[in-house]
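**Q** Here is what each chain is made of, one letter per residue.
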Amino acid sequence: MTTASHREQKLALISRLKASYPELPEWTSGDMISSDRFWAYMKCPQDQGGQLSAAEPFLEKEEEQWELMTYILCEVLGWGGVWVSEERRRIADVEIGLSVYFGLPYYFRWLWAATKTLVEKEYISWGELTDRLVEVQDRYAGGLNGQLPKAQPKFEGDGSNVKRNRWVADSLGKGDPGMYSGQAGPAKYNVGDRVKVRDLPALLYTRTPEYVRGAEGVISRVSYESPAPEDEAWGREGDRPEWFYIVRFKQVDLWDSYHGPESDSLQTEIPERWLQASA
Amino acid sequence: MSEHHHDHDHDHDHEKTVKPMVDEITEFEVLEIALRELCIEKGIFTAEQHRIYTEFAEQIGPTPGAKLVAKAWLDPEFKKLALTDPIEACLQVGVDWLNPTGSGTISDFHALQILEDSPTVHHVIVCCLCSCYPRPLLGNSPEWYRSPNYRRRIVRWPRPVLAEFGLEIPDNVEVRIEDSNQKHRFMVMPIRPEGTEGWSEDQLAEIVTRDCMIGVALPKPGVTTNVKTKTIPAIRPVGS
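First to last, the sequence lines map onto chains A and B.
Under numbering that gives the first Met the number 0, the first residue of the first sequence carries the number 0, and numbering increases by one thereafter.
Under numbering that gives the first Met the number 0, the first residue of the second sequence carries the number 0, and numbering increases by one thereafter.
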């Protein structure tokens, strides 16, 4: 039960959750924000590569039943043509915001993305969701008594009028990205070509890591054809696929402070739009 | 969370003495159950699809990957296939990348590359963006692989991080980090270690641990477990 005292306690707890630079006020004006700070705020939380971090123990984790069930829910939503996995990544790994990204378990982000997409795409309404949350909560009000909670759908719906994307039919028997093979035209770069990663103003979403932007490397493999993730992330259909490349960088070119051997390298995969020829 | 989850330092003892131990359902469980019920009632997916995918997800693990490496060590023709057409090679160790939907899994795509270590190159995989990992071949990624700690540091300080796993790579060997940030999935094929002459495929597969196929360990006779074994326990683990 929520009492006045409990409400105050809850709000006190919420007040302590911060997601801004401590040296700036909570509510800023444009004159306080440098370009670097603007892009720091706009950066996709998923892109963690190269950020400063102290060493911590590497741990295994036993999987919770709800975590496995969440993974399956998200995959089966893909199988049902509700989303492609890039849409899940955009919602779960970027739109979720920094505090939840770090604050709640990995699979909760998946679960939140499924919730958001089902409501946003009008498969279920907020009211239906909320009523069912209350119903499930009440069903187990007396505790689980050592059992796992069970889904108890009241009936199996006829899915014939459910809106589904084209991915399911188009990828059948071919897989993704094989389904896009032969649609991008000739590849612009060949293995061995020197390229530079463009430093694009990547608002909303990207999978090109911050730590390679502006860096020069060499094409190590011409990968496959696919729409770019920056477009796939919105569930768009019919965009022209483009070539992807695995680019090899020397670590000493990526990091000013790299102290390992000159020969150490890093490879990552980048769509053509992010690359330009380099001398 | 329910009331007994308040993170006030003082109420732990209080809880133990006053509140009965009730295994309350968590917000995570309520939400997953609610969504699954609504999706089945609306025909978004069928209970049968959910069952098929569950069956698939419950059987994945690193065994096929280890078998693939062992087989490649023993059979040069198979090794060539594994390096040139890895998806085809996977069929020979029981992994069809088009399973379980006919399109493959949704999140792992259908583009695999096996990275062959040599006396001059050692590979390590990571996904700095989250957790891209060859699930059908290696099962689910370990918790540390998804952690910001590993993702932030392995791309920038690879040798110190490998040293934390007990792996020191000599300076005359190139450490090559493969950041799998798009649709390709990667697996490391380490060098067959000395002291395994005359071993069978099964014997060899036993020392190809999951960590060896990520690249944070090297296979070694007598070592059949991963490097880090400290495990965060689940409240209600899978199948409990």
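Be a bit skeptical, because a hint or two may be false.
Heads up, simulated SDA-like pairs for lysine to any residue below, C-alpha to C-alpha not over 25 Å straight-line [said to hold, decoys possible]:
{"#": "1", "chain 1": "A", "residue 1": "K149", "chain 2": "B", "residue 2": "E173"}
{"#": "2", "chain 1": "A", "residue 1": "K173", "chain 2": "B", "residue 2": "I59"}
{"#": "3", "chain 1": "A", "residue 1": "K120", "chain 2": "A", "residue 2": "G191"}
{"#": "4", "chain 1": "B", "residue 1": "K79", "chain 2": "A", "residue 2": "R272"}
{"#": "5", "chain 1": "A", "residue 1": "K195", "chain 2": "A", "residue 2": "H258"}
{"#": "6", "chain 1": "A", "residue 1": "K149", "chain 2": "B", "residue 2": "G238"}
{"#": "7", "chain 1": "B", "residue 1": "K227", "chain 2": "A", "residue 2": "E155"}
{"#": "8", "chain 1": "B", "residue 1": "K70", "chain 2": "B", "residue 2": "R191"}
{"#": "9", "chain 1": "A", "residue 1": "K115", "chain 2": "A", "residue 2": "P104"}
{"#": "10", "chain 1": "A", "residue 1": "K187", "chain 2": "A", "residue 2": "E155"}
{"#": "11", "chain 1": "A", "residue 1": "K173", "chain 2": "B", "residue 2": "F77"}
{"#": "12", "chain 1": "A", "residue 1": "K249", "chain 2": "B", "residue 2": "D116"}
{"#": "13", "chain 1": "A", "residue 1": "K162", "chain 2": "B", "residue 2": "I51"}
{"#": "14", "chain 1": "B", "residue 1": "K70", "chain 2": "B", "residue 2": "K219"}
{"#": "15", "chain 1": "A", "residue 1": "K120", "chain 2": "A", "residue 2": "L171"}
{"#": "16", "chain 1": "A", "residue 1": "K195", "chain 2": "A", "residue 2": "P104"}
{"#": "17", "chain 1": "A", "residue 1": "K60", "chain 2": "B", "residue 2": "D116"}
{"#": "18", "chain 1": "A", "residue 1": "K115", "chain 2": "B", "residue 2": "T45"}
{"#": "19", "chain 1": "B", "residue 1": "K41", "chain 2": "A", "residue 2": "P56"}
{"#": "20", "chain 1": "A", "residue 1": "K173", "chain 2": "B", "residue 2": "T83"}
{"#": "21", "chain 1": "A", "residue 1": "K120", "chain 2": "A", "residue 2": "F107"}
{"#": "22", "chain 1": "A", "residue 1": "K115", "chain 2": "A", "residue 2": "D230"}
{"#": "23", "chain 1": "B", "residue 1": "K70", "chain 2": "B", "residue 2": "E115"}
{"#": "24", "chain 1": "B", "residue 1": "K227", "chain 2": "B", "residue 2": "I168"}
{"#": "25", "chain 1": "B", "residue 1": "K229", "chain 2": "A", "residue 2": "K42"}
{"#": "26", "chain 1": "A", "residue 1": "K60", "chain 2": "A", "residue 2": "K187"}
{"#": "27", "chain 1": "B", "residue 1": "K41", "chain 2": "A", "residue 2": "R212"}
{"#": "28", "chain 1": "A", "residue 1": "K173", "chain 2": "B", "residue 2": "P63"}
{"#": "29", "chain 1": "A", "residue 1": "K42", "chain 2": "A", "residue 2": "G191"}
{"#": "30", "chain 1": "B", "residue 1": "K229", "chain 2": "B", "residue 2": "L166"}
{"#": "31", "chain 1": "B", "residue 1": "K41", "chain 2": "A", "residue 2": "G213"}
According to the in silico footprint, chain B covers these stretches of chain A (three or more CB under 8 Å from chain B) [said to hold, decoys possible]:
{"#": "32", "segment": "53 to 62"}
{"#": "33", "segment": "84 to 98"}
{"#": "34", "segment": "108 to 117"}
{"#": "35", "segment": "131 to 141"}
{"#": "36", "segment": "182 to 195"}
{"#": "37", "segment": "230 to 244"}
{"#": "38", "segment": "253 to 265"}
It is worth saying that the hints were derived from the structure and are not from the lab.
Since the model is a prediction, treat every value here as computed from it, not as a measurement.
Even for Gly, the Cβ is constructed at its ideal location relative to N, Cα and C.
**Q** Work down the list of hints and note, for each, if the structure agrees.
**A** Hint check:
no.: 1; hint: A:K149 - B:E173; result: violated, 51 Å
no.: 2; hint: A:K173 - B:I59; result: holds, 21 Å
no.: 3; hint: A:K120 - A:G191; result: violated, 44 Å
no.: 4; hint: B:K79 - A:R272; result: violated, 33 Å
no.: 5; hint: A:K195 - A:H258; result: holds, 23 Å
no.: 6; hint: A:K149 - B:G238; result: holds, 12 Å
no.: 7; hint: B:K227 - A:E155; result: violated, 44 Å
no.: 8; hint: B:K70 - B:R191; result: holds, 11 Å
no.: 9; hint: A:K115 - A:P104; result: holds, 17 Å
no.: 10; hint: A:K187 - A:E155; result: violated, 50 Å
no.: 11; hint: A:K173 - B:F77; result: holds, 23 Å
no.: 12; hint: A:K249 - B:D116; result: holds, 18 Å
no.: 13; hint: A:K162 - B:I51; result: holds, 22 Å
no.: 14; hint: B:K70 - B:K219; result: holds, 17 Å
no.: 15; hint: A:K120 - A:L171; result: holds, 24 Å
no.: 16; hint: A:K195 - A:P104; result: violated, 36 Å
no.: 17; hint: A:K60 - B:D116; result: violated, 28 Å
no.: 18; hint: A:K115 - B:T45; result: holds, 20 Å
no.: 19; hint: B:K41 - A:P56; result: violated, 44 Å
no.: 20; hint: A:K173 - B:T83; result: holds, 18 Å
no.: 21; hint: A:K120 - A:F107; result: holds, 20 Å
no.: 22; hint: A:K115 - A:D230; result: holds, 19 Å
no.: 23; hint: B:K70 - B:E115; result: holds, 14 Å
no.: 24; hint: B:K227 - B:I168; result: holds, 18 Å
no.: 25; hint: B:K229 - A:K42; result: violated, 33 Å
no.: 26; hint: A:K60 - A:K187; result: violated, 44 Å
no.: 27; hint: B:K41 - A:R212; result: violated, 44 Å
no.: 28; hint: A:K173 - B:P63; result: holds, 22 Å
no.: 29; hint: A:K42 - A:G191; result: violated, 31 Å
no.: 30; hint: B:K229 - B:L166; result: holds, 18 Å
no.: 31; hint: B:K41 - A:G213; result: violated, 48 Å
no.: 32; hint: 53 to 62; result: holds (count 9)
no.: 33; hint: 84 to 98; result: holds (count 4)
no.: 34; hint: 108 to 117; result: holds (count 4)
no.: 35; hint: 131 to 141; result: holds (count 7)
no.: 36; hint: 182 to 195; result: violated (count 0)
no.: 37; hint: 230 to 244; result: violated (count 1)
no.: 38; hint: 253 to 265; result: holds (count 9)
Hints 1, 3, 4, 7, 10, 16, 17, 19, 25, 26, 27, 29, 31, 36 and 37, counting from the list given before, are not met by this structure.
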